[in-house]
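Asks: These are the residues of each chain, in order.
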Amino acid sequence: DTAVSQTPKYLVTQMGNDKSIKCEQNLGHDTMYWYKQDSKKFLKIMFSYNNKELIINETVPNRFSPKSPDKAHLNLHINSLELGDSAVYFCASSQWTAGGQTQYFGPGTRLLVL
Amino acid sequence: GEDVEQSLFLSVREGDSSVINCTYTDSSSTYLYWYKQEPGAGLQLLTYIFSNMDMKQDQRLTVLLNKKDKHLSLRIADTQTGDSAIYFCAEIPNQGGKLIFGQGTELSVKP
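Order-wise, the sequence lines are chains E and C.
Using our numbering, read the first sequence as starting at 4 and increasing by one per residue.
Using our numbering, read the second sequence as starting at 4 and increasing by one per residue.
Hints were generated in silico from the structure; no laboratory data involved.
Watch out, some of these pointers could steer you wrong.
What the hints assert, rightly or not - Sample of chain E residues facing chain C (criterion: CB under 7 Å; computed from the structure):
{"id": "1", "residue": "Y13"}
{"id": "2", "residue": "I48"}
{"id": "3", "residue": "S51"}
{"id": "4", "residue": "I59"}
{"id": "5", "residue": "Q104"}
{"id": "6", "residue": "G111"}
As the list claims (entries may be wrong) - Restraint ranges, calculated between C-beta atoms of paired labels, are given here:
{"id": "7", "chain 1": "E", "residue 1": "L86", "chain 2": "C", "residue 2": "E8", "range": "21 to 31 Å"}
{"id": "8", "chain 1": "C", "residue 1": "Q98", "chain 2": "E", "residue 2": "T16", "range": "35 to 45 Å"}
{"id": "9", "chain 1": "E", "residue 1": "L117", "chain 2": "C", "residue 2": "K70", "range": "40 to 50 Å"}
Claimed, not checked - Under the rule of at most 30 Å between Cα atoms (straight-line distance), these lysine-lysine pairs were calculated in the DSBU-like manner:
{"id": "10", "chain 1": "C", "residue 1": "K59", "chain 2": "E", "residue 2": "K22"}
{"id": "11", "chain 1": "E", "residue 1": "K44", "chain 2": "E", "residue 2": "K22"}
{"id": "12", "chain 1": "C", "residue 1": "K113", "chain 2": "C", "residue 2": "K71"}
{"id": "13", "chain 1": "C", "residue 1": "K59", "chain 2": "E", "residue 2": "K55"}
{"id": "14", "chain 1": "E", "residue 1": "K55", "chain 2": "E", "residue 2": "K70"}
{"id": "15", "chain 1": "E", "residue 1": "K22", "chain 2": "E", "residue 2": "K39"}
{"id": "16", "chain 1": "E", "residue 1": "K12", "chain 2": "E", "residue 2": "K47"}
{"id": "17", "chain 1": "E", "residue 1": "K70", "chain 2": "E", "residue 2": "K44"}
{"id": "18", "chain 1": "E", "residue 1": "K39", "chain 2": "E", "residue 2": "K55"}
{"id": "19", "chain 1": "E", "residue 1": "K43", "chain 2": "C", "residue 2": "K70"}
{"id": "20", "chain 1": "C", "residue 1": "K39", "chain 2": "C", "residue 2": "K59"}
{"id": "21", "chain 1": "C", "residue 1": "K71", "chain 2": "E", "residue 2": "K74"}
{"id": "22", "chain 1": "C", "residue 1": "K71", "chain 2": "E", "residue 2": "K55"}
{"id": "23", "chain 1": "C", "residue 1": "K73", "chain 2": "E", "residue 2": "K43"}
{"id": "24", "chain 1": "C", "residue 1": "K73", "chain 2": "C", "residue 2": "K39"}
{"id": "25", "chain 1": "E", "residue 1": "K39", "chain 2": "C", "residue 2": "K39"}
{"id": "26", "chain 1": "C", "residue 1": "K39", "chain 2": "E", "residue 2": "K25"}
{"id": "27", "chain 1": "C", "residue 1": "K73", "chain 2": "E", "residue 2": "K25"}
{"id": "28", "chain 1": "C", "residue 1": "K70", "chain 2": "E", "residue 2": "K44"}
{"id": "29", "chain 1": "E", "residue 1": "K12", "chain 2": "C", "residue 2": "K101"}
{"id": "30", "chain 1": "C", "residue 1": "K71", "chain 2": "E", "residue 2": "K47"}
{"id": "31", "chain 1": "E", "residue 1": "K25", "chain 2": "E", "residue 2": "K70"}
{"id": "32", "chain 1": "E", "residue 1": "K12", "chain 2": "C", "residue 2": "K73"}
{"id": "33", "chain 1": "E", "residue 1": "K70", "chain 2": "E", "residue 2": "K12"}
{"id": "34", "chain 1": "E", "residue 1": "K74", "chain 2": "E", "residue 2": "K55"}
Just so you know, even glycine gets a beta-carbon here, dropped at the ideal spot from N, CA and C.
Work the whole structure out from these sequences, hints included.
Replies: Listed below in structure tokens is the structure:
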């Protein structure tokens with residue numbers, strides 16, 4: 004009964020490969036997010052979808068493409084992986100309200116590019 | 004601009020109080036948040052405070068907000084070894100969905 008889940012938890016791959024990370028939430032939220040945490044633990048938003056529509060698209064290489072098939076799912080596909088993509092990727096979800104969007108995070112996917 | 008600052012490390016003895024401080028630059032945020040990250044784990048929403056409040060208490064946690072100085076603090080009473088983690092302060096400027104995080108404060112609790 005995990006609220007926000009991600010698969011896989013660990014991903015080790017070679018440079019140049021293409022990989023996907025999946026995220027699902029069962030909180031009934033309408034908004035989902037992807038954040039990246041680098042080796043210094045710094046967290047930065049990458050994308051956000053509200054009701055399957057892209058609403059936040061930070062300066063991220065084109066090799067990263069999010070996809071939201073429905074409100075409960077947000078996937079992240081990464082093409083031509085580079086060493087610098089090694090990081091922890093967190094999915095989060097919230098309900099979009101005018102006053103703010105309290106976000107709940109998944110356990111993270113630890114990506115290592117060799 | 005959007006900037007959130009925290010000190011990087013804090014070390015306390017078990018049973019003492021811990022105070023983690025945060026400063027932010029954007030005053031448009033409706034809520035300010037504290038998240039906890041244990042080693043190898045995800046981000047757990049610890050608590051949050053509405054911007055028109057000065058203080059919020061939740062069991063061992065006390066959040067203080069000074070809007071004039073744009074200063075937020077998290078006090079943990081009777082700190083336990085299980086409280087050892089990284090604590091992130093965060094805000095969402097203009098209610099725009101984008102959480103802006105501080106660098107995280109690594110709390111080390113010594114027995």
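Asks: I want to verify a distance hint. Is the separation of the beta carbons of L86 (chain E) and E8 (chain C) within 21 to 31 Å?
Replies: Holds, since L86 (chain E) and E8 (chain C) (Cβ atoms, about 29 Å apart) stay within the stated range.
Asks: With the threshold set at 30 Å, check whether the alpha-carbon distance from K59 (chain C) to K55 (chain E) stays at or below it.
Replies: Outside the cut-off at roughly 35 Å; violated.
Asks: Are the Cα positions of K39 (chain C) and K25 (chain E) separated by 30 Å at most?
Replies: Distance of about 23 Å is within 30 Å: holds.
Asks: Would you mind confirming whether the straight-line C-alpha gap from K71 (chain C) to K74 (chain E) stays at or under 30 Å?
Replies: 38 Å, violated
Asks: Does K44 (chain E) lie within 30 Å of K70 (chain C) when you go C-alpha to C-alpha?
Replies: The given pair, whose Cα atoms are some 27 Å apart, holds under the 30 Å limit.
Asks: Is K39 (chain C) close enough to K59 (chain C), meaning Cα to Cα at most 30 Å?
Replies: The hint holds at about 17 Å.
Asks: Below or equal to 30 Å on CA atoms is what counts here, so check K73 (chain C) against K39 (chain C).
Replies: 21 Å, holds
Asks: Between K71 (chain C) and K47 (chain E), is the straight-line Cα distance small enough, at 30 Å or below?
Replies: Distance of about 26 Å is within 30 Å: holds.
Asks: K43 (chain E) and K70 (chain C): Cα distance at most 30 Å?
Replies: 29 Å, holds
Asks: Classify the hint on I59 (chain E) as holds or violated, based on whether any CB of chain C lies nearer than 7 Å to its CB.
Replies: This interface hint holds because 6 Å falls under the 7 Å limit.
Asks: Below or equal to 30 Å on CA atoms is what counts here, so check K70 (chain E) against K44 (chain E).
Replies: Roughly 25 Å separates the two Cα atoms, so the pair holds.
Asks: Was the hint right that S51 (chain E) lines chain C, CB cutoff 7 Å?
Replies: 5 Å, holds
Hint check: violations occur at hints 1, 10, 12, 13, 21, 22, 27, 32; the rest are consistent with the structure.
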